[in-house]
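J.: Okay, here's what each chain looks like letter by letter:
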Amino acid sequence: MGVTPIRKPEEKTVDKAAQIMIRRAEELGIETVYHRYEKQQPQCGFGSLGLCCWFCMMGPCRIDPYGVGPSRGICGADANTMVARRVLFHIANGEAAHGEHAFHVLETFKGAVEHSLEGRPYPYRIADERKLRSIAKRLGIPDAETRSVLDLAVEVVKKIEEDFTRTTEEPLNVFRAYSIESRRRIFERLGIVPRSIWREAFEALHRIHVGVDADYRSLLAHGLRTALADCYAMLTATELQDAMFGTPRPVESYANLGVLKHDEVNIVVHGHNPLLSTKVVEVARSEDALKLAKDVGAKGINVCGICCTANEVLMRLGIPSAGNLLHQELALATGAVEAMVADYQCVMPALADVARCFHTKLVTTMPIARIPGAIHIEWKAGRADEVAWEIVRTAVENFPRRARERVFIPDIKSKLIAGFSVEAIVEALGGSLAPLIEAIKRGDIRGIVGIVGCNNPKVPQDRGHVELAKELIANDVLVVGTGCWAIAAAKAGLMSLEAQALAGGRLRKVLEALKIPPCLHMGSCVDNSRILVALNAVAEALGVDISDLPVFGSAPEAMSSKAVSIGTWFVTQGVNVHLGVIPPVLGSELVTKLLTEDVEKLVGARFVVEPDPKKAAEIMLDHIDRKRRALGLPA
Amino acid sequence: MPDGLIIYVDIERCLGCLSCYFACATEHSLTKTTYTAPYEVPTPISRIRVVPALGYNVPIRCMHCEKPPCVEVCPTEALYKVAEGPVLLREDLCIGCKGCILACPYGAISLDLGKKVIAKCDFCVDRVRKGLTPACVEACPTGALRYGRVEEALYELRKRKAKEFATGLTGTSGSDAVLYIPPSGGEEHGCNSH
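Protein chains in written order, with the numbering used here: chain Y, 1 to 635; chain H, 1 to 194.
Among the hints, a few may not be true.
Claimed, not checked - Taking lysine-lysine pairs in the BS3-like style, the calculated list, with each CA pair at most 25 Å apart, reads:
1. Y:K137 with Y:K110
2. H:K130 with Y:K39
3. Y:K627 with Y:K458
4. Y:K627 with Y:K601
5. Y:K8 with H:K32
6. H:K32 with Y:K614
7. H:K159 with H:K81
8. Y:K615 with H:K81
9. H:K130 with H:K116
10. Y:K615 with Y:K627
11. Y:K458 with H:K32
12. H:K81 with Y:K8
13. H:K81 with Y:K39
Bear in mind the hints are in silico, worked out from the structure with no lab data behind them.
If you're wondering where the values come from, they're calculated on a predicted model, not measured in any experiment.
Generate coordinates for the entire structure from the input sequences, incorporating the hints supplied.
T.: Here it is as structure tokens:
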């Protein structure tokens, strides 16, 4: 078998806490994602190029890029068909993930509304009336300012349910409500207006079935449409979550493994949906829970998070983040975690093996996401309080079993400010976007780059995220973002006011006046919708299309299908998207050309692949300056 | 071979994934990366093939013979055997006569139609001289291709033969000189094999 070169922790991650914990895990003989990554080297060349197909049982088939072997699969699919099917599969996979997330939020929201109408108790309620009125208004529900909140909520539920179940060619209600005229025209012309959140992924799976769509162009066109459905599914999730749990406002907290505590019960929430994690925080902060913890000798209960459910409870409740994707096993390797509570998405099954090395309980909670070796305490909306209590009690009761002599928490954490919803940004600007627009026009803010997405062990953890952000802010570009990038930036200190010092002179003045950090945390990865809402507003204020703006998107360490889908919808919405990891498309020259060149003629933006963060920053600055010139703005 | 190291092929383990084929072509390219090598001109040539036979997948590759027929028939001395073991090619001397292809008992020599010369396994001499494993071995995910000492390979072989004797599956359990008597109590066989 292959002999794999062993990389040092310093080559695997730029995060100091992670470097320490990788060494610790190795001392303890705990296998992590980094070991498994090395064991997978070299990875399959056919798969890396997108040239394998397993969608039917005549296969699996491969196409030989070296030209000796077959140039078509058994059905006759060529490299272009194979690669395009695979891209569409990733997009549909991402859309299904966000669509389900949004659906679970909708079901819960509907439960809250129905129970309120009947005057029955329910664990969830509408906490942010203002947000609900704004959603209703956008959806065109009449008298949104004056009607009762419950009345409006009933209508909102109806409109959003339609977006899942529609059987006509009409567009999504949410699409109509949250898109700008210039984009709608483009989507209509291309025939890619999203119709239903369920239907687009469904149709995508049909198209990639053997013997259906073989034209890489129509496969990818449906990819754009499915990605747009993804975009508005995410937007639905964000908006309803805000209505139920509150729209985020600036909040201070900490990030990195140092947020775990020696003398408290540590509960790490992990996954993406705030439905349960918010409840866990509520319960853990209660007097009764504190008493329970003191009874077992703990000073309190410390809830912190991994990945995007961490971002959800950070944004709204100031809960500290223990880290991003590649921190998940390392958090458990501290031996200090009583329970890791997972919902879904990006939760590695390997966690069960790490948990087994300690007293740690890995708790799965969602009916669709179970892990062998975990205990399963199933979330149900109507029983959410009881479920959260059961989880907190399980964690607290586990505290006495912690082997103190094996606990090892790296004393590293960074201060951060999060909570920059669009509403919060507008508030920080004094009530309107005008000061931001003026700063862009003057050139004090040269442009805006949204950095998002995962970690990927193919590149050193956080290196792309942090280096790119630093380079951009030093060049007067305001950086906003979500997801694992946001946690990376926070860990690197880029979300503190002190980081203003790293900004270029002109940007620094703006940041100092507004008292905001140079990198703005806009939420979980589902909250990429917030970036779109902001872009829509800026474009409308300037009277131009999104593709005219001095902006760029980036996913330096993209990993998941969701990232493929998000990247695709940003491009479709007119924002160039940079990827720092090579996606599995190079097996088809035509697909590669379409995604990185020709798509620009259709939607005004394209993908750019550049593994080097410094070079990526140059590409972005160049693009931003070109867009500024085209708008007649000064350099 | 370098310090008695050989490549050995365990046919039972080969899944036919062609990772060795892919890695060989990539290794014998200018850029040496998955993402760029297939698009070089001329196209890099893989020197290993996986051929299905009797329900198995058989990696076919140069055996680097002790008395290589390809070297013997080569009219220009383009092919030669080095002291460490590998049979190598001086590409500039090759006239593309294909004599070696006919002479090779294993069908292991390919033709580079772009350069109009032959292409054959070089045992990844550049890699093994640096202490690395040959690219095909590194790429093999199942251990069908391995790189190690002759004794290790023979041990593998003996282990399999010993199992066959122990389970009475050899077909022959003896000769005029030696007789193997298989154990009785069939159900217990192999219970400790993992």
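J.: Any hints this thing doesn't respect? Which numbers, in order?
T.: Result: hints 3, 7, 8, 9, 12 and 13 break, sorted rising.
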